[in-house]
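Chemist: Chain by chain, the residues:
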Amino acid sequence: MQLHLLLQQRSNSAAVILILHPSYFRSMSFSSTLLEQAVNEFAKLPGIGKKTALRLVLHLIKQPAEETQFFADTLARMRKEIKFCTKCCNVSDTEVCNICSNIARKKQIVCVVENIRDVIAIESTQQFNGLYHVLGGVISPLDGIGPDQLTIEALLHRIKEDEVEELIFALNPNIQGDTTLFYISKKLKDQPIKITTIARGIAFGGELEYADELTLARSLQNRQPVASYVSMK
Amino acid sequence: MLFLQSLQLVQFKNYSHQTFRFEGPVTAITGANGIGKTNVLDAIHYLCFTKSYFQSGDGMNVQHGMQGFRIEGQFTLAGEALPVSIVLRETGKKEVSCNGSLYEKFSHHIGRFPCVMIAPDDVELIIGGSEMRRSFLDTVLSQMDAVYLQQLISYNKILQQRNSFLKSCAQTQTRNNALLDVLDEQLIAAGTYIFTKRNDFLPGFNEQVLQFYSSIAGKAEPVAVTYESKLRETSLENLLQQCREKDYQLQRSTTGVHRDDLYFSMNDEPFKQTASQGQRKSLLFSLKLAEAEVLKQQKGFAPLLLLDDVFEKLDQERMHNLLNYVCSQFGGQVFLTDTHPERMKNAFADMQIPLQLIELG
Chain X
49 MQLHLLLQQR SNSAAVILIL HPSYFRSMSF SSTLLEQAVN EFAKLPGIGK
99 KTALRLVLHL IKQPAEETQF FADTLARMRK EIKFCTKCCN VSDTEVCNIC
149 SNIARKKQIV CVVENIRDVI AIESTQQFNG LYHVLGGVIS PLDGIGPDQL
199 TIEALLHRIK EDEVEELIFA LNPNIQGDTT LFYISKKLKD QPIKITTIAR
249 GIAFGGELEY ADELTLARSL QNRQPVASYV SMK
Chain A
160 MLFLQSLQLV QFKNYSHQTF RFEGPVTAIT GANGIGKTNV LDAIHYLCFT
210 KSYFQSGDGM NVQHGMQGFR IEGQFTLAGE ALPVSIVLRE TGKKEVSCNG
260 SLYEKFSHHI GRFPCVMIAP DDVELIIGGS EMRRSFLDTV LSQMDAVYLQ
310 QLISYNKILQ QRNSFLKSCA QTQTRNNALL DVLDEQLIAA GTYIFTKRND
360 FLPGFNEQVL QFYSSIAGKA EPVAVTYESK LRETSLENLL QQCREKDYQL
410 QRSTTGVHRD DLYFSMNDEP FKQTASQGQR KSLLFSLKLA EAEVLKQQKG
460 FAPLLLLDDV FEKLDQERMH NLLNYVCSQF GGQVFLTDTH PERMKNAFAD
510 MQIPLQLIEL G
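Quick mapping for you: the protein sequence lines, in order, are chains X and A. The C-terminal position of the first sequence is numbered 281 in my numbering, with every residue numbered one higher than the one before it. The C-terminal position of the second sequence is numbered 520 in my numbering, with every residue numbered one higher than the one before it.
If you're looking for bench data, these hints aren't it; they were derived computationally from the structure. Heads up, a few of these hints could be off.
As the list claims (entries may be wrong) - With a Cα cut of at most 30 Å, we get these calculated DSSO-like pairs of lysine-lysine: (1) Lys92/X x Lys252/A; (2) Lys98/X x Lys128/X; (3) Lys98/X x Lys326/A; (4) Lys235/X x Lys405/A; (5) Lys264/A x Lys172/A; (6) Lys92/X x Lys253/A; (7) Lys237/X x Lys172/A; (8) Lys326/A x Lys235/X; (9) Lys389/A x Lys98/X; (10) Lys405/A x Lys234/X; (11) Lys389/A x Lys378/A; (12) Lys234/X x Lys389/A; (13) Lys99/X x Lys252/A; (14) Lys316/A x Lys210/A; (15) Lys326/A x Lys237/X; (16) Lys253/A x Lys210/A.
Please read all numbers here as calculations on a predicted model, not as lab measurements.
Whenever a hint applies, use it, and build me the whole structure from the sequences.
Modeler: Printed below as a string of structure tokens:
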């Protein structure tokens, strides 16, 4: 009925906007406050809007009650019991995470990453046998993140304690990544430690024609002997 | 040569749905005030720069009461057809594609379809603040050198970070020279590149301006364009060191290429103060034509010229000289707007230059 009315008023642009505009969903009306609260909580999550939140909640209502209970318990337990590894700041079930406590891994090589997702990404390459250090972000004063908000002090402490020989920076190749990399390297300039960064250049499967000039120029500067590629195969 | 064959506008400014076809190298668009002549030129500017010449927000260019717009242009360059489209989605997301493939970064599009616009308010370039002159210089250099544009984008991002950092230092009453050192180093790398390019560009550009000025004004007046930058005296590294205390105090970066300027002079006097209205206009045209000329030399083909309301600007004789140069000698595609179709027709009939007249309204 309401929609019918709106369509009738189609010539009135304000009415059409009411249908399309996101603010329409903000004024979603619920028959239950419980439902509304649940939708609002879901909508706080990154990447979830009101409509998706409603869909998820309605799905949970359809599920048996014990499944929803299990879902809620899992989340609550995860949040309550999750620990951050005292060495690398990665998420862990124990004081020291299972990567740091693995004696088969070389603790003299530490790969510095921005967040936990990067650890997962590098781990899935199965090419790295050292340990990690999770910074928890990169230096970006614009977003209110300075060196003190990151785990830089813990990293410096760890380097001394564990006699780390090489630090590999695997940060995103952008300005904030560079700022962070330079800042930490400067802090370490008096220490006998090898500091490297992951290669930057043309992605495998990419096309030269579409690479931007800076990337292409950097790839030329950091060109690789062909032999090093062949031996990897 | 670079040629725009047709233009389609959907929900752009006052056009709900309109197609224009361009037949010859010179197109004049005429019609009463407010009919949308300038909007056509701005749409062409959009195709070349992915943004408006006049408005900074994309949303400002959507037809009133609508959401999103679409601009499509069929270019040809050296016999190759290159369709370009700019779409503003209802969500506010802008998409730019050339030849069917979407750009990941709009900056990759800049310079592929060079274009020079001359509009009535551009005289601000001469009498207004330094920001406009830097932006003019950046527009020219970015179209000629893609690395310049990338360095400029980096420079501005680092500058924002640095200013934010200086503010946060003041708020928390702390200082962190180690971090400022790093930000400075990053700023120096980008800033020095920008300075070198600007500095190398100016002497040759100045000569071009001088030539155009004397041919537009009809007599040789000693005008000069010089590049003003603290970096000409000392390195950016030294400057940043010297200004560090001041920067902490004022909570912003007080030195760097973002403070550069272009200085215009005539007879060694500041042009801003001594020049007449007519001389200002002559200089404006000289700057823009010199821009077009250097682009043409560098690209090997002429950029598009967009002249908005030019007849209002100069007297008959200067206008005649200018049109004659732009429409016959320059060798590129030209778009003009005017309120009087008769005036256009007569001027071009006198010069015996074929003209496509599009009368709006």
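Chemist: A separate judgement is required for each hint: does it hold in the structure or not?
Modeler: Against the structure, the hints:
| no. | hint | result |
| --- | --- | --- |
| 1 | Lys92/X x Lys252/A | 22 Å, holds |
| 2 | Lys98/X x Lys128/X | 27 Å, holds |
| 3 | Lys98/X x Lys326/A | 36 Å, violated |
| 4 | Lys235/X x Lys405/A | 25 Å, holds |
| 5 | Lys264/A x Lys172/A | 25 Å, holds |
| 6 | Lys92/X x Lys253/A | 26 Å, holds |
| 7 | Lys237/X x Lys172/A | 57 Å, violated |
| 8 | Lys326/A x Lys235/X | 23 Å, holds |
| 9 | Lys389/A x Lys98/X | 53 Å, violated |
| 10 | Lys405/A x Lys234/X | 24 Å, holds |
| 11 | Lys389/A x Lys378/A | 34 Å, violated |
| 12 | Lys234/X x Lys389/A | 28 Å, holds |
| 13 | Lys99/X x Lys252/A | 20 Å, holds |
| 14 | Lys316/A x Lys210/A | 19 Å, holds |
| 15 | Lys326/A x Lys237/X | 28 Å, holds |
| 16 | Lys253/A x Lys210/A | 10 Å, holds |
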